[in-house]
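Here the protein sequences come in this chain order: D and B. Per my numbering: the first sequence = residues 1 to 141. Per my numbering: the second sequence = residues 142 to 330.
Incorrect hints may appear among the rest.
Unchecked claim - Computed footprint of chain D on chain B, listed as stretches where at least three residues anywhere in the stretch have a Cβ under 8 Å from a Cβ of chain D:
(1) 169–178
(2) 191–204
(3) 208–214
(4) 281–292
Quick caveat, the hints were computed from the structure, so don't treat them as lab data. No residue lacks a Cβ here, since even glycine has one placed at the ideal position from N, Cα and C.
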Amino acid sequence: MNEHVDGTARGAGHGLDDDTGLAVRRYLQGLPSAHPPPALGTRLLRRHRLRRQRPLWLAAAALLVAALMLPMLAGSPDPVGMRLAADPDMLREIRALDRDLQSAYQERQPDAAVDALWQARRAVLARIDDPQATSPRPVRL
Amino acid sequence: MDQVNVMWQFGADAPRLEQGLLARARRGERQALEALYRRHASGAYTLALRITGRPDRAEDVVQDAFLRAFERLHAFRGDAPFGAWLRRVVVNLAIDRLRGERRLGDDADAIERLAVPEPDHAGQLDALGLLQRLSAAARSVLVLHDLEGYSHADIAAAFGHSESWSKTVLSRARARIRAWQDTTEQGDE
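This is chain B alone, in the form it adopts within the complex (with noise of 0.2 Å):
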């Protein structure tokens, strides 16, 4: 998870001063909350994005998710760096989004079926990349492990699947990319 501890860090002295600005929005300081928000928004957003798949899915799962760790930042201990919390509650919303809109399919469906592309009219999906060709599962399952450091057992658990099964579909995801890049390398050449 090393990657994630730094993509939330800025700087020496932000531990310090991200409790400084939990201290402050968990008296309901307005200026807090929106530091906490513009600092993480980004983040959230685009790991939402990679999960759902759909601009609009990951606004709304921006939201709960912020909204969700204001009003439980009582019960933050800051065991956990914030922006690491977050991101475990921006993930869980995104894969009960995705299990509610039934995008999660069976087993056979997570890496055979492609996605559909969404129209990108505002340069949103520049972050998904190749990603947006998978599946639902098999995009969330290449990013939670090769991006956020989840083990199988966190996927299985997460997706109420086998740990095999997390393991054949992130080897899939990984092929199809790679293959897809060679394809586009080639392309350029």
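Just chain D, same shape as in the assembly (with noise of 0.2 Å):
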């Protein structure tokens, strides 16, 4: 390409055959160089360094999110429990039962009476679902 833009350049773009071109690369050549500040390599270094570990943070948040909400995932935090505590007569039901039970096995029972004791706790639990259910009087042994 020898295209003249001005009374000066004699063409573009004809690298060191321009006498201009020349000069004016020796020129820019021997310009001195430029350094940083140097606070500039400490903070980069230190920018670099915390890029590294953000993802280590980011997968720890990540775990701890995930452990949080797994009980709302998964679906209201154990309903049975909260509505259980919610009611003190059934509380103190199953709880009564659950000392039967104790004493049962303790006592080594027949299983028979240790069934019916687990029907008896069952049927009281069931009652969390359905409060019109009736339940079936522990049998005292």
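Using the hints, build the complex out of the two chains.
Below you can see the structure in the form of structure tokens.
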């Protein structure tokens, strides 16, 4: 390309064939170097370190959030326990049945007696979902 | 690109030494990262300054360039010297910054508009010399072609213009520098 773009340049893009290009290139190559502020190195290395650590922090934070949200994602948090705690009578019944069951196991009572206690306990818990349901009275042994 | 290679090599053992540094830097060794920075900071900063024309912008570009390079070290295969790779990153970031700040102007501005010289409190602009009088586009084309060894096709692609534009801007920028040199020399006599 030999376009004459002004009176000084003999052509564009001729590289070192051009006297002007050669003189300018020599001039540019003779310019001194510049040096960045001394604090720049420290600053960018610190930022690099922080960026490298960020994925670890993000992973830890994601695990924490997942642990906190898991009950919500799985449904309401332990509805049976919460509703049982809200009904003192039912809670007393359950505790009494638990004591009876413990005694039954310690005293090696027959399986039928233990099964009856478990059935009574399940019936009490069933009333949580259906308050109208009748519960068979626990079999006192 | 010979002058680039010469600029970035430090003796016969430089490539081997640099490969060792890069291997350690990839493992995240702080000392190796520091050594890479010390080796290449001045060259990267000078280049960024010559394209952006402003020390504060050059500082930002150098920081971003090193951060990007360090983060992508695992992808750097070593086909070219690290310094040459880094310089490419510097050039791309500096041009992006000029474009973002709308300092490249339109075609007519590329050479006709002169830059407003920045106050140079720390002697940083000595590295610019007469370049600081040129517009951002003219200065960048001149630096990329005459100092960095870019072809007109490379420059055209980087700026989103034609090769003809690159050739014209280069020719006029050279002419201006030459005229200013002559004026300076006459003034000295």
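Hints, verified against the model:
1. 169–178: Satisfied; 5 residues make the cut.
2. 191–204: holds (count 5)
3. 208–214: holds (count 3)
4. 281–292: holds (count 4)
When each numbered hint is compared with the structure, no violation occurs for any of them.
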